[in-house]
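Participant: Please work from the sequences and hints to get the whole structure.
Protein chains: 2
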Amino acid sequence: MERLDPAEVDRAIAGLDWTREGDELVKIAARGDFAGALAFVNAVGALAEHANHHPDIDIRWNTVTLHLSTHSAGGLTANDFALAAKIQQLYGA
Amino acid sequence: MERLDPAEVDRAIAGLDWTREGDELVKIAARGDFAGALAFVNAVGALAEHANHHPDIDIRWNTVTLHLSTHSAGGLTANDFALAAKIQQLYGA
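In the order they appear, the protein sequences are chains F and R. Quick note on numbering: this note's numbering labels position 72 of the first sequence as 72, and the sequence is numbered without any gaps. Quick note on numbering: this note's numbering labels position 25 of the second sequence as 25, and the sequence is numbered without any gaps.
It should be emphasised that the hints constitute simulated quantities derived from the structure, not laboratory data. None of the values given here were measured: they were computed from a predicted structure. For glycine and all other residues, C-beta sits at the position ideal for the given N, C-alpha and C. Heads up, a few of these hints could be off.
Okay, the calculated bits of chain R under chain F, using three or more residues with CB under 8 Å as the criterion [said to hold, decoys possible]:
| id | stretch |
| --- | --- |
| 1 | 28–42 |
| 2 | 47–56 |
| 3 | 59–65 |
Here are the simulated distance ranges between beta carbons [to be verified]:
| id | chain 1 | residue 1 | chain 2 | residue 2 | range |
| --- | --- | --- | --- | --- | --- |
| 4 | R | S72 | F | A7 | 44 to 50 Å |
| 5 | F | R11 | R | W61 | 17 to 23 Å |
| 6 | F | I28 | R | A7 | 38 to 44 Å |
| 7 | F | M1 | R | R11 | 50 to 56 Å |
| 8 | R | G36 | F | G74 | 24 to 30 Å |
Facilitator: Structure, rendered in structure tokens:
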């Protein structure tokens, strides 16, 4: 999987409700409480396992922060954007 | 819940397989893979909900890092050590 160039990254992120921080895609998702956050993490985890691609996941009570990157490629690849799009469906448009 | 003084913290941490970083208890638990890490997080989450006390949880594929503190007390309390001890039982002595 090849690292996308900056123009490809710009195009790919245009339709996504994620932000870019350096070589990572970042999403902060707040739920109603810890149980909601944990349910979200499990749903993300199922997608990650299916894709065999795993975001870094930080849980702060009701808030989940996800960081996606392809370390083996040294940056963002189509895999990151594909998983980000699937995760986005979990929390709605 | 009152913040413990340094001598109380030293006594409380003596029997625990956690480290102290400033005003936090820290545990790094590695599992075999992401699924194992997520199962551990769910077990920790059930204990946290029961105690109504929630660690910060960071997942990096197969590795889970937990940070425990009582922010409302400005430091470590008996609640932190009680939950740390319960979590310790999850990963064994």
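Participant: Evaluate each hint against the coordinates.
Facilitator: Structure-based check of each hint:
no.: 1; hint: 28–42; verdict: holds (count 5)
no.: 2; hint: 47–56; verdict: holds (count 4)
no.: 3; hint: 59–65; verdict: holds (count 3)
no.: 4; hint: R:S72 x F:A7: 44 to 50 Å; verdict: 48 Å, holds
no.: 5; hint: F:R11 x R:W61: 17 to 23 Å; verdict: 29 Å, violated
no.: 6; hint: F:I28 x R:A7: 38 to 44 Å; verdict: 39 Å, holds
no.: 7; hint: F:M1 x R:R11: 50 to 56 Å; verdict: 52 Å, holds
no.: 8; hint: R:G36 x F:G74: 24 to 30 Å; verdict: 27 Å, holds
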